[in-house]
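S.K.: So the chains spell out like this:
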Amino acid sequence: MALPNENRTAKTDAVEAKIKKMGPKDLAALPGLDADDLRVFGTLIQHFCFIDLNLRRSLELFKLSGMLPESARKLYPNLPDAKLTETLVEM
Amino acid sequence: MTDPEAVQRALTGGPVDENIDLAAAIGRCSNNWAHAETRLAILFCLLSKTDLTTAGIIFSFFKATRTQSDVLKRLGKISPLMTPHKIELLNDLMKEYQSLADERNRLLHNPIGMGTELYIMLRDKLPQPGAIPYKTEAISIEAIDDLSSRISVFNLKALILGQSISGISFSSGAS
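Protein sequence lines, in the order shown, are assigned to chains A and B. Everything in the first sequence is counted per the numbering used here, starting at 1 for the first residue and increasing by one. Everything in the second sequence is counted per the numbering used here, starting at 1 for the first residue and increasing by one.
Some hints could be false.
Stated by the list, open to error - Simulated restraints, written as ranges between beta carbons of each label pair: (1) B:P84 - A:L88: 48 to 54 Å; (2) A:K25 - B:I20: 30 to 36 Å; (3) B:V153 - A:A29: 21 to 27 Å; (4) B:K73 - A:L64: 42 to 48 Å; (5) A:V40 - B:L156: 24 to 30 Å.
Calculated from the structure, these hints are not laboratory results. Yeah, the Cβ is synthetic: ideal placement off N, Cα and C, and Gly gets one too.
Turn these sequences into a full structure, and let the hints steer you where they fit.
M.R.: In structure tokens:
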């Protein structure tokens with residue numbers, strides 16, 4: 001699955017602005033990531049993996065219903081990741 | 001009629017929702033890998049004789065592991081900063097990078113489920129029409145942590161090689 005678009009918020013913009021003003025010493029002094037941060041990363045990654053799994057499931061259902069567009073039928077069942085979302089959006 | 005249990009299943013991210021150690025292990029591995037890519041961008045910066053910002057932008061366009069590795073090896077061959085020994089170290093490092101990337105991609109691009117044991121669902125290279133194109137394989141938090149540790153060792157080697165090429169010692173940061 002392709003990477004999602006960046007989700008910018010006022011909070012991330014503020015953090016980025018603050019980091020840009022910091023020198024190397026300040027940056028090096030920032031605390032490392034803790035278990036809670038890593039847990040959020042891991043959870044987010046797995047949610048995306050499940051989104052991909054469910055999109056693949058949808059594709060199979062559309063195929064069984066004979067609803068796949070011609071362009072996707074030619075590639076089925078080896079539809080590349082980039083083409084998967086494109087196909088489902090098209091439907 | 002909608003099956004509420006099916007909806008509930010679809011809304012979860014698998015065992016990571018309950019197993020915080022598993023989630024943290026996946027997050028740690030992903031984070032260590034980000035450091036590996038940064039280390040390679042630094043090597044690219046040194047070998048291409050560009051500033052770090054420019055190097056970072058150019059290197060970010062090399063998405064495939066193979067391309068990243070090929071570019072660095074080619075630059076290593078022509079860089080006046082390199083000796084035959086350093087070229088050998090770089091080539092070995094790139095072999096290790098490719099191998100770690102394969103393992104990392106398997107872990108971070110596939111859903112993990114829980115039966116009696118944890119398992120990972122790997123995309124089938126030859127999917128059968130009408131079947132969900134995944135097969136399962138056992139996985140454990142220990143195996144994920146082992147991969148994270150090997151990525152950390154790789155990062156250290158890349159740091160040492162970078163220092164050896166530049167002649168400048170710099171902090172290893174948080175990786």
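S.K.: Does the Cβ-Cβ separation between P84 (chain B) and L88 (chain A) fall within 48 to 54 Å?
M.R.: 52 Å, holds
S.K.: Holds or violated: 21 to 27 Å for the Cβ distance of V153 (chain B) and A29 (chain A)?
M.R.: 25 Å, holds
S.K.: Quick one: are V40 (chain A) and L156 (chain B) within 24 to 30 Å, going by C-beta?
M.R.: 26 Å, holds
S.K.: Does the beta carbon distance between K25 (chain A) and I20 (chain B) stay inside 30 to 36 Å, or does it fall outside?
M.R.: With Cβ atoms ~33 Å apart, the hint holds.
S.K.: Cβ-Cβ distance between K73 (chain B) and L64 (chain A): within 42 to 48 Å?
M.R.: Given range 42 to 48 Å: holds, Cβ gap about 46 Å.
Comparing the model with each earlier hint shows no violations; every hint is respected.
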